[in-house]
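Novice: What follows is the residue order along each chain.
Protein chains: 2
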Amino acid sequence: MLKELNREQLCALSSQQLKEYCEDIRTEIVHTVAECGGHLSSNLGVVELTVALHRVFDFPHDKIVFDVGHQCYTHKLLSGRANRFSTLRQEGGLSGFPKRSESEFDCYETGHAGTALSAALGIAKARDLLGENYRVIALVGDGSFNNGLIYEALNSIHILETSVLFILNDNGMSISPTVGGAHEILDEMKREPFLRDDIRLFERFGLQYMGVYNGNDICEMLSVLETAKQKLQNGSVLLHLSTKKGQGHPFCENAPDRTHGISPHGGTKKKEYSVALGEELTKLAKENEKIVAVTAAMTDALGLRNFFNVFPDRAFDVGICEEHASVLCAAMASQGLKPYYAIYSTFLQRAFDEIIHDVCGQDLPVTFCIDRAGITGADGETHQGVFDLSYLSFIPNLTVAIPKNIAEFRELIKLSADYSHPFAIRYPRDGAEGRANAVEIGKFEILHSSLSDIIVLAAGERCISLAENVLADANMQGLDFTLVNARFLRPLDRELLQNATQKYVITIEDNAAIGGLGDAINRFYMGGNKCIKAFGLNDTFIPHGEPRALSQKFGLSKEEILSYIGKCNARG
Amino acid sequence: MLKELNREQLCALSSQQLKEYCEDIRTEIVHTVAECGGHLSSNLGVVELTVALHRVFDFPHDKIVFDVGHQCYTHKLLSGRANRFSTLRQEGGLSGFPKRSESEFDCYETGHAGTALSAALGIAKARDLLGENYRVIALVGDGSFNNGLIYEALNSIHILETSVLFILNDNGMSISPTVGGAHEILDEMKREPFLRDDIRLFERFGLQYMGVYNGNDICEMLSVLETAKQKLQNGSVLLHLSTKKGQGHPFCENAPDRTHGISPHGGTKKKEYSVALGEELTKLAKENEKIVAVTAAMTDALGLRNFFNVFPDRAFDVGICEEHASVLCAAMASQGLKPYYAIYSTFLQRAFDEIIHDVCGQDLPVTFCIDRAGITGADGETHQGVFDLSYLSFIPNLTVAIPKNIAEFRELIKLSADYSHPFAIRYPRDGAEGRANAVEIGKFEILHSSLSDIIVLAAGERCISLAENVLADANMQGLDFTLVNARFLRPLDRELLQNATQKYVITIEDNAAIGGLGDAINRFYMGGNKCIKAFGLNDTFIPHGEPRALSQKFGLSKEEILSYIGKCNARG
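These protein sequences, in sequence, are chains A and B.
All residue numbers for the first sequence refer to numbering that gives the first Met the number 0, where the first residue is 0 and numbers rise by one.
All residue numbers for the second sequence refer to numbering that gives the first Met the number 0, where the first residue is 0 and numbers rise by one.
If we strip away everything but chain A, and leave its shape as in the complex, we get (with noise of 0.2 Å):
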């Protein structure tokens, strides 16, 4: 295990011992990655920066927000968090991202692109008003400098009159390799680095520049880093970094797109949803020439590296602009284009304001896509993807798919490319190819029938296999029921919802219990006669842990159902 080394034991080590130090860190991340899963290159390209970081500032005096939160490992092991460094990312262990329960060292938490330079100037200006003195860091990865949020952020720099040290980690790499104007702005400083025009750009937005230097040589950090922190008395100040993500790692360096996210025990991840959509997409578009794809920093987790390959000229990575591409592709299809846009559930809340605003208000054939629905595990609160359900029920034009399958998934995919307004696909990471027939809008599927008085509608993979197993266990007790997939969240199936005789109607959904399928039957029962149960995810941020645990712990607890289901039989 690591040595962990608090400020003073930093201060006394020589250039050479710390260089030492932070190779030890790095055996440290790898092995504990490997074990555990997390997040890789990320964290080795920093590892020589939070060193010197923690030498050079006092924390948790000193603030530091870390932009995502993915690249907090070192400064997890020098925060008197070395010791359960072995828990990371496990249920009841350390997050791999920071959170203020956790320890003082960690003052914000992210998860998200973008919002540690508004976080930092918030705290510095809280700092001001309330007549403390310590200094707040923002370290920001080159692809959150796409996004939005962050130049909402430089633009109040002369209206918050506060100074903050925005580091710019520029590595080059979002997910995917950074794309777009600003990056090529960044690009061309490490190329021409005494270039004073793009220096004057941030000196406009109110930041003294200091860069490029090398944020993998250590001494180097410390030098600067001293500088800038006397740089600070004047006001804000950007340093430009230069790191290599992987730094030090022969396999990440050569392959940081695919080691940024790592399963634990070096297994790859399944990908089949986004495996699917890569396939289904990519037949589909050979035939209909209209079909454009869009991602925002993310194309290889969904699946869509093939079809950019094989359409390069319909397919686009705008970078981490959630909000941008939703616009987008409601403008491309306002023009006759049929765009998919995929986007993990989690990020797609970015785009909230421009699902309603551009793409339903105008009723426009944009299909959704979105992957890691649910509860996706390991990366805790900031991941889960349980909100969706939710935030896409009351949505006017809306059509919103769940499929039981991923062979259900693909007949889906087909069903949106002749469907003329905007269509949502919500879909778990992995699961079974499975077999399913031709989809119609609005319809469900009954797939166990029973002449019991219970009826459970069960809406995605997960839940219904989850329904199953129920079923499978209630049959041995000598009872049973009715099984549907309940495929569309909008429209419901209301011919299938009429027509059911049962007084018994049970919902299962891995979404927040509250907004989503549970609330549209009871809703559509309203006034009647039926006894309505709906099991979802309980009403609190879900942490980090095994998704099948934590969906069993936080609301989907097949003992519970099976139980209701034995006292409705009961009363009869």
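FYI, nobody ran anything at the bench for these hints, they're computed from the structure.
Wrong hints could be hidden among the right ones.
The list cannot tell twin chains apart, which means a pair is met if one copy fits it or any two copies do.
[Unchecked claim] Below, computed lysine to aspartate or glutamate pairings styled on EDC-like, alpha-carbon distance capped at 20 Å: (1) Lys413 / Glu278; (2) Lys189 / Glu202; (3) Lys552 / Asp186; (4) Lys289 / Asp127; (5) Lys98 / Asp362; (6) Lys282 / Glu219; (7) Lys2 / Glu34.
Dock chain B against chain A, hints included.
Specialist: Then chain B, alone, in the frame of chain A:
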């Protein structure tokens, strides 16, 4: 009435005749806005520009996207709608914003800030892929130039490899004066038009820069637009114009902020709720120095001008940056400040992810003062505040309150000051002061008790007064019901609901019927034997019109509620 001229006729006019025609348009706009209300200053500022655009470009073959869209009146007067212009913003009449259903000259709908450049890029890309040949223009005000979406779009220009004409209409104003670094850069460009490095900034993003030109000079506009049209063959162009908001109307020129939005017949808007917010917050802030206020370019409309004057160091207008404002509040709260973020209901949709990720995810004591909730009327689809209860209903850690009148709104503001968790208060633009007692979190109030078997739960002033009207009529028919002020969506008053003995439970809310109070109450009683009926707004986008009429037409019909109550009584 204005004599509408087509492009050919415009081209036939001498420059003197063009100037006179612009004055005729101005007169038409001033008179119509005096009658119908609407956006005055912003439209007066772009008359010459719009006339020149209609002469130089070939609409609707060429396409123009109006950012926000409130400055499209001259465009409407020149695109076959002059004869209906007197119906502006009236139910069934012309919308105050671009509407595809209204004219093929309106290619893309807007209402919220910052979408136009993204939309123009999407339209242009569709044009390229479909092998068509027309020009695409985005007309953007400098207020929107602060918004993150614009930056995300700028970042995409290199990625999309297409060509659009980005006209920056720089009048130094949002609704309030424009603020921040981006604005200072533009200002400097106006002072020193030949400073190369500002120009380089835009060139880096892939824009050919032209500027700064006088947008109120019709002759200058004709010539620069011709030049811009030529330059489009070599890629995208940024045309930077300086215009005067309210041009040609002395009062507007002097008070562009107070003439941004005008109520009919020159009547000034009632702003009672916002006035109360200003009064209470200023009072509280005198006792509690931790209170700060944040707005996104709407300080006056939100009633906080006086607070800003009294506490300049504790008040922040960050420009049209709804997301940044939310993160800023979360971060200030994380260090012990007590932020109040005042914003319109529809614009808060932009900060949806930050409400979840930054404020509620960290359970921070930020208070959202959500103005213009419910049907706002004349601005139509993009400005109705009818989704907030739905998108706030499922966010953990959040308390959501809905005052019955302004007096109770004051009590809720006081309550929130001592509350250490996220707090949202949603309220309409105007209402009655009324009376109210101190409020407890999660406690409803019984307004009228009855022995009948019917209980009505109404949320907010408008729905409570609707319910009171229903009660009066019901009483005349010998019917009666218990009326409750359901002033908390989260948490519900469990005790009152559990103890309610009535069989018939009716909810009334001026929010989408999906996802709001009705669903919450129905969920609370799930599986029980209550007979529940929820009255809310229909599952559709609500167009412009008079709020009462719209509300009656789209789901809150007094007659329907009354007749349902009659039925309940009959069934007993």
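Novice: Which hint numbers doesn't this structure obey?
Specialist: Per hint list: 3, 6 violated.
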